[in-house]
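Protein sequence lines correspond, in order, to chains A and B.
Residue 23 in the numbering used here sits at position 23 of the first sequence, with consecutive numbering throughout.
Residue 41 in the numbering used here sits at position 41 of the second sequence, with consecutive numbering throughout.
Among these hints, one or two may not hold up.
[Said to hold, decoys possible] Calculated pairs, DSBU-like style, for lysine-lysine (alpha carbon to alpha carbon, straight line, at most 30 angstroms): (1) Lys504/A x Lys371/A; (2) Lys2/A x Lys371/A; (3) Lys184/A x Lys317/B; (4) Lys317/B x Lys474/A; (5) Lys641/A x Lys504/A; (6) Lys241/A x Lys68/B; (7) Lys161/B x Lys474/A; (8) Lys160/A x Lys241/A; (9) Lys74/A x Lys160/A; (10) Lys317/B x Lys295/B; (11) Lys641/A x Lys601/A; (12) Lys57/B x Lys68/B; (13) Lys160/A x Lys184/A; (14) Lys371/A x Lys295/B; (15) Lys471/A x Lys161/B; (16) Lys68/B x Lys161/B; (17) Lys184/A x Lys113/A; (18) Lys2/A x Lys23/A.
Don't read these hints as lab results, they were simulated from the structure.
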Amino acid sequence: MKLSLAWLRDHLEGAPSADELAKRLTACGMNVEVREPAGPDEIWDVDVTTNRPDAMNHRGLAREAVAAACGTLKPLAINITEGATPVGTLARLTVEDAQGCPRYCARVVRGVKVGPSPAWLVERLQRCGVRPINNVVDATNCVLLDVGHPLHAFDLAFLKGQEIRVRRAHAGEPITTLDGVERKLTADDLVIADASRAVAVAGVMGAANSEIAPSTKDVLIESAYFDARSVRLTARRLGLKTEASHRFERGADRAMARTAVDLAAELIVRLAGGEVAAGVLDSNPDLPAPHEIPFSLSRLSAFVGCEIPRELTLRVLTALELAPRIVGDAVTCTVPTHRVDLELAEDLYEEVLRHFGYENVPSVLPSAAMKPGARLGTWPLTERGRDALTAVGAAEAFTYAFVSEEIEAATAGSPLADRGAVVALDNPLSARMAVMRRSLLAGLAEAAGGNLRRGAERVLLGEVGRVFFEKGGKVAEEERLAVAVAGAVGPWDALRQADFLDLKGVVEAVLAELGVSGTAWRHATAPVLAAGEQAEVVRDGCVIAIAGRLADAVSTVFDIPATLWVAEIDLTAAVAAASVPTFEPLPRFPAVTADLTVRHKLTLPYDQLVAAITAAAPEWLEAVSPVVRYRGEGVASDEVKTTVRLTYRHGERSLTQDEVNAAHFALMDRLGRELAVSFS
Amino acid sequence: MATEPLERARQEFLAALTEAGCDPARVEAVRVRFAGRRSGLLRELEDALKALPREAKPGYGKALNELKTLVEERLAAAQRAAEDAGIQRQVLDVTLPGRRPVTGALHPVTLVRREIEEIFLRMGYSVADGPEVEDDWHNFGALNMPPDHPARDTQDTFFLKDGLLLRTHTSPVQIRSMETMPLPIRLIIPGRVYRRDSDLRHSPMFHQVEGLVVGEGITFGNLKATLEAFVHVLFDPRLAVRFRPSFFPFTEPSAEVDITCVLCLGAGCGMCSGSGWIEILGAGMVDPRVLSACKLDPERVSGFAFGCGLDRVALLKYRLPDLRLLFSGDERLLRQFEGVAR
Ligand SMILES: [Zn+2]
Numbered sequence: 001m002k003l004s005l006a007w008l009r010d011h012l013e014g015a016p017s018a019d020e021l022a023k024r025l026t027a028c029g030m031n032v033e034v035r036e037p038a039g040p041d042e043i044w045d046v047d048v049t050t051n052r053p054d055a056m057n058h059r060g061l062a063r064e065a066v067a068a069a070c071g072t073l074k075p076l077a078i079n080i081t082e083g084a085t086p087v088g089t090l091a092r093l094t095v096e097d098a099q100g101c102p103r104y105c106a107r108v109v110r111g112v113k114v115g116p117s118p119a120w121l122v123e124r125l126q127r128c129g130v131r132p133i134n135n136v137v138d139a140t141n142c143v144l145l146d147v148g149h150p151l152h153a154f155d156l157a158f159l160k161g162q163e164i165r166v167r168r169a170h171a172g173e174p175i176t177t178l179d180g181v182e183r184k185l186t187a188d189d190l191v192i193a194d195a196s197r198a199v200a201v202a203g204v205m206g207a208a209n210s211e212i213a214p215s216t217k218d219v220l221i222e223s224a225y226f227d228a229r230s231v232r233l234t235a236r237r238l239g240l241k242t243e244a245s246h247r248f249e250r251g252a253d254r255a256m257a258r259t260a261v262d263l264a265a266e267l268i269v270r271l272a273g274g275e276v277a278a279g280v281l282d283s284n285p286d287l288p289a290p291h292e293i294p295f296s297l298s299r300l301s302a303f304v305g306c307e308i309p310r311e312l313t314l315r316v317l318t319a320l321e322l323a324p325r326i327v328g329d330a331v332t333c334t335v336p337t338h339r340v341d342l343e344l345a346e347d348l349y350e351e352v353l354r355h356f357g358y359e360n361v362p363s364v365l366p367s368a369a370m371k372p373g374a375r376l377g378t379w380p381l382t383e384r385g386r387d388a389l390t391a392v393g394a395a396e397a398f399t400y401a402f403v404s405e406e407i408e409a410a411t412a413g414s415p416l417a418d419r420g421a422v423v424a425l426d427n428p429l430s431a432r433m434a435v436m437r438r439s440l441l442a443g444l445a446e447a448a449g450g451n452l453r454r455g456a457e458r459v460l461l462g463e464v465g466r467v468f469f470e471k472g473g474k475v476a477e478e479e480r481l482a483v484a485v486a487g488a489v490g491p492w493d494a495l496r497q498a499d500f501l502d503l504k505g506v507v508e509a510v511l512a513e514l515g516v517s518g519t520a521w522r523h524a525t526a527p528v529l530a531a532g533e534q535a536e537v538v539r540d541g542c543v544i545a546i547a548g549r550l551a552d553a554v555s556t557v558f559d560i561p562a563t564l565w566v567a568e569i570d571l572t573a574a575v576a577a578a579s580v581p582t583f584e585p586l587p588r589f590p591a592v593t594a595d596l597t598v599r600h601k602l603t604l605p606y607d608q609l610v611a612a613i614t615a616a617a618p619e620w621l622e623a624v625s626p627v628v629r630y631r632g633e634g635v636a637s638d639e640v641k642t643t644v645r646l647t648y649r650h651g652e653r654s655l656t657q658d659e660v661n662a663a664h665f666a667l668m669d670r671l672g673r674e675l676a677v678s679f680s
Numbered sequence: 001m002a003t004e005p006l007e008r009a010r011q012e013f014l015a016a017l018t019e020a021g022c023d024p025a026r027v028e029a030v031r032v033r034f035a036g037r038r039s040g041l042l043r044e045l046e047d048a049l050k051a052l053p054r055e056a057k058p059g060y061g062k063a064l065n066e067l068k069t070l071v072e073e074r075l076a077a078a079q080r081a082a083e084d085a086g087i088q089r090q091v092l093d094v095t096l097p098g099r100r101p102v103t104g105a106l107h108p109v110t111l112v113r114r115e116i117e118e119i120f121l122r123m124g125y126s127v128a129d130g131p132e133v134e135d136d137w138h139n140f141g142a143l144n145m146p147p148d149h150p151a152r153d154t155q156d157t158f159f160l161k162d163g164l165l166l167r168t169h170t171s172p173v174q175i176r177s178m179e180t181m182p183l184p185i186r187l188i189i190p191g192r193v194y195r196r197d198s199d200l201r202h203s204p205m206f207h208q209v210e211g212l213v214v215g216e217g218i219t220f221g222n223l224k225a226t227l228e229a230f231v232h233v234l235f236d237p238r239l240a241v242r243f244r245p246s247f248f249p250f251t252e253p254s255a256e257v258d259i260t261c262v263l264c265l266g267a268g269c270g271m272c273s274g275s276g277w278i279e280i281l282g283a284g285m286v287d288p289r290v291l292s293a294c295k296l297d298p299e300r301v302s303g304f305a306f307g308c309g310l311d312r313v314a315l316l317k318y319r320l321p322d323l324r325l326l327f328s329g330d331e332r333l334l335r336q337f338e339g340v341a342r
């Protein structure tokens with residue numbers, strides 16, 4: 001909020017220097033953010049928190065300054081001279097909706113001469129960022145900036161039937177507001193109307209049909225107290241945010257409605273001449289019984305953590321017009337109508353503590369029973385996933401959880417992603433962020449593509465995050481891990497591009513890091529991946545991961561300029577299968593190894609080859625590990641030569657070379673017969 | 001004994017040769033010193049033979065010959081070794097890049113999150129989580145933001161259907177924890193949050209971390225001390241911590257917390273707009289209305305809560321210029337943090 005220092009001083013007796021005033025206001029929570037010289041005056045930009053509408057004006061801030069020991073508050077002087085004509089003979093007031101408008105005050109000033117405001121007022125308004133319009137409207141704005149109550153001035157001649165009716169709008173009722181926009185109202189909107197039409201949207205904006213014009217002679221000043229919620233709903237529905245709505249939404253001062261109309265009438269006569277009609281139209285002069293808040297001084301000190309002096313408490317609460325009454329340890333405060341934010345004892349603790357000074361509270365660490373902390377919920381799972389990513393050399397990326405419908409649809413074709421319907425945002429920022437991802441690939445493929453388009457020679461990215469599904473009217477969240485691999489595999493190997501086995505190696509290492517064993521890889525048919533170049537990882541009949549080359553159609557959606565290998569792991573399902581290893585005795589006898597080169601059809605999968613070798617070997621075959629695979633010259637195009645290393649080791653004794661040889665040749669014999677393979 | 005100088009010469013020679021190692025120049029120096037034709041030590045020892053009494057000559061002569069043989073053999077071996085080493089050095093280029101296994105890099109936000117979690121885990125806090133898709137009650141209602149509360153305006157919300165929304169802060173996890181956990185509660189709540197906002201300083205998806213302590217006798221002084229300890233461990237023990245009165249619907253009283261600018265240490269710079277201070281945390285005592293909403297008795301228990309933007313801490317800590325870089329997935333950026341301890 002912008003305000004004038006000179007204006008602020010008008011309300012204060014014995015105020016300190018500008019520097020001191022700014023310092024103390026800032027310390028108590030009225031943050032003076034910017035100070036800008038303006039001739040002999042200064043323009044201040046003060047950040048008043050939204051719960052303090054009462055301080056969003058010069059007098060309210062001056063009251064706060066008094067509590068911060070910056071002098072005393074001058075009384076508000078009202079010198080109004082009323083004419084003989086009773087206001088009731090000039091205008092009638094009916095409030096049909098007392099819930100939406102608990103109080104409506106109006107005065108009439110007759111015989112004004114509308115014109116420009118004097119220089120002093122123009123200057124003050126401009127310093128506060130308000131555009132001067134004419135003396136009558138400026139007078140209402142001046143009162144708003146002075147005491148914080150929003151007012152509106154009508155040209156009485158345009159109020160049909162010289163009548164004010166506060167009522168709900170008719171459904172579809174049109175109104176052209178002062179900004180020149182024609183709007184349609186609903187039956188939920190509160191309006192100020194005359195005998196035949198709406199002349200203002202209550203608490204938001206007046207209508208063009210009754211505004212003050214150069215020809216205006218008689219003015220009706222509105223000073224009302226509208227229901228905060230009603231104003232807020234209407235302002236939001238109309239997309240109209242005004243000074244008035246801002247204040248009414250946060251809570252206006254019901255008692256001030258009457259004071260403000262007097263101040264405005266007086267100022268209008270001063271600026272534009274004319275005569276104030278006798279009396280005030282006031283729909284409800286009675287104020288509700290004030291709210292009382294009791295609290296105890298000792299509890300205040302206990303809450304803060306140090307002794308708060310009784311005198312300071314009294315002084316602050318008195319300055320804030322809370323009328324504290326003390327009996328022993330017990331204090332009772334009466335909440336004035338302008339403090340809409342005060343309700344509970346803790347609200348008063350804050351008032352005292354702000355002025356006591358946060359910096360004066362001694363810092364003491366809490367004492368509590370020693371209890372070890374732990375990661376709860378899904379944190380152990382996701383943290384393990386991140387550690388697995390870094391263990392395999394991936395860079396951890398964060399991508400947006402919402403993507404375009406097109407990208408979402410392109411990446412949803414997999415057994416991990418089609419576990420429920422897509423969740424759409426009602427109010428997305430853009431079409432590019434319209435729906436929640438069901439696969440991490442939605443963001444990760446995009447990120448990998450970005451790196452490749454920037455000319456990256458290799459990509460090894462990973463992400464751990466949530467995906468979202470709609471299932472039976474509810475939204476389910478699942479933790480996922482994904483990796484993307486592309487380009488040159490490593491230093492001194494720059495000519496070799498990553499292939500399926502590079503991706504599989506990464507996935508195997510991640511699963512190992514997650515403690516998952518006993519998995520099987522089998523061909524899969526997920527549309528997100530290229531046909532024939534993909535697999536799913538299965539454990540106990542459940543698919544825990546997919547891996548393969550991103551399908552060309554999907555790659556096109558992302559505009560990825562190179563082959564991209566991707567995998568996604570269902571972290572929850574994978575880690576459910578994790579086990580903690582236990583010690584296995586180390587071998588006591590030496591091993592004998594023998595390499596075996598098998599020429600076989602491409603249709604024979606490696607796992608079947610190994611299974612056949614294991615079945616044909618003696619029980620003391622310890623391991624079969626890959627050595628090299630060869631296709632090319634000397635090998636038929638539908639064949640491959642696979643060399644594996646067999647490790648033989650007996651648990652109870654040393655093996656002789658002869659018995660290993662015998663077993664090895666017997667094994668080759670049997671393989672040759674059973675699998676139709678050869679050994680050259 | 002007349003052969004004593006020979007023995008001394010033998011030991012000196014072996015020591016000098018060991019020291020020379022495989023360095024050809026130093027081996028040559030040893031050769032000149034001991035076997036040089038004109039001034040070598042062997043030559044001197046040979047000259048000394050003439051001055052010996054007759055009966056000592058045979059013994060001395062034999063020992064001298066043995067020494068000569070030893071010197072020749074060892075020198076030849078050392079010269080060969082020096083030569084081999086030279087050849088080997090030409091073959092092995094130790095400046096070639098190694099066949100390095102790829103190392104991973106955690107995201108900068110993960111790094112600061114873990115750092116913060118560690119600080120609080122050591123103080124006996126647990127790390128909690130909760131859903132990112134929330135209902136109105138946990139995100140707003142229970143946090144003293146009833147429907148149509150103006151404070152909702154400041155948290156531009158993404159809505160889903162059926163009244164669900166993407167959480168705008170991690171505070172709903174505070175509510176879920178207070179609803180279910182036994183007292184005393186000491187929690188740190190990091191997580192991903194969403195707001196309908198996008199520019200240089202705002203991303204529609206970002207990260208927060210909140211802390212929550214609830215129990216009997218928790219004071220405002222406890223809050224101050226906790227945040228001071230936190231800031232001093234995370235950034236620098238020299239930093240001052242400033243608490244300014246503020247307003248949040250879910251805390252009463254509320255504070256905004258500034259720290260001395262980490263870049264200029266208070267002198268004023270571009271990062272702190274010359275003020276010497278950086279706003280880093282929001283905090284306060286848990287509002288009694290929030291405690292009541294979680295079926296806790298504000299007469300009996302009190303608590304404090306605080307929160308800050310993790311992305312912002314990462315920007316401060318690693319001097320990143322733009323929040324949106326964090327969500328770019330750019331490996332050139334991400335791999336800059338490979339060396340950070342985690
Ligand atoms: Zn600085």
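Cross-check of the supplied hints:
Taking the CA atoms of Lys504/A and Lys371/A, the gap is near 42 angstroms; set against the 30 angstroms cutoff, the hint is violated. For the proposed pair Lys2/A and Lys371/A, the alpha carbon gap of about 50 angstroms is over 30 angstroms, so the pair is violated. For the proposed pair Lys184/A and Lys317/B, the alpha carbon gap of about 52 angstroms is over 30 angstroms, so the pair is violated. Restraint check: the Cα-Cα separation between Lys317/B and Lys474/A comes to about 39 angstroms, which exceeds 30 angstroms; the hinted pair is violated.
Proposed proximity of Lys641/A and Lys504/A is supported: the alpha carbons are some 21 angstroms apart, at most 30 angstroms. Distance hint between Lys241/A and Lys68/B is unfulfilled; the C-alpha atoms sit about 108 angstroms from each other, more than 30 angstroms. As the CA atoms of Lys161/B and Lys474/A are separated by approximately 10 angstroms, the hinted pair is consistent with the 30 angstroms bound. Under the criterion of a C-alpha separation no larger than 30 angstroms, the hint pairing Lys160/A with Lys241/A is consistent with the structure, at around 28 angstroms.
Proposed proximity of Lys74/A and Lys160/A is contradicted: the alpha carbons are some 41 angstroms apart, above 30 angstroms. With a CA separation close to 39 angstroms, the supplied pair Lys317/B and Lys295/B exceeds the 30 angstroms bound. For the hint linking Lys641/A to Lys601/A, the alpha-carbon distance of about 9 angstroms falls within 30 angstroms, and the restraint holds. Note on Lys57/B and Lys68/B: the hinted pairing holds, with a Cα-Cα distance of about 16 angstroms set against a maximum of 30 angstroms.
Among the hinted pairs, Lys160/A with Lys184/A is consistent with the structure: their alpha-carbon atoms are about 21 angstroms apart, no more than 30 angstroms. The straight-line distance between the Cα atoms of Lys371/A and Lys295/B is roughly 24 angstroms, inside the 30 angstroms bound, and the hint therefore holds. Proximity of Lys471/A to Lys161/B is assessed by CA-CA distance (about 13 angstroms); at most 30 angstroms being required, the pair is judged to hold. For the proposed pair Lys68/B and Lys161/B, the alpha carbon gap of about 100 angstroms is over 30 angstroms, so the pair is violated.
In summary, the hint linking Lys184/A to Lys113/A is not supported, as the alpha carbons are separated by about 34 angstroms, beyond the 30 angstroms threshold. With a C-alpha separation of about 17 angstroms, the suggested pair Lys2/A and Lys23/A falls inside the 30 angstroms cut-off, and the hint holds.
Going through the hint list in order, the structure does not satisfy hints 1, 2, 3, 4, 6, 9, 10, 16, 17.
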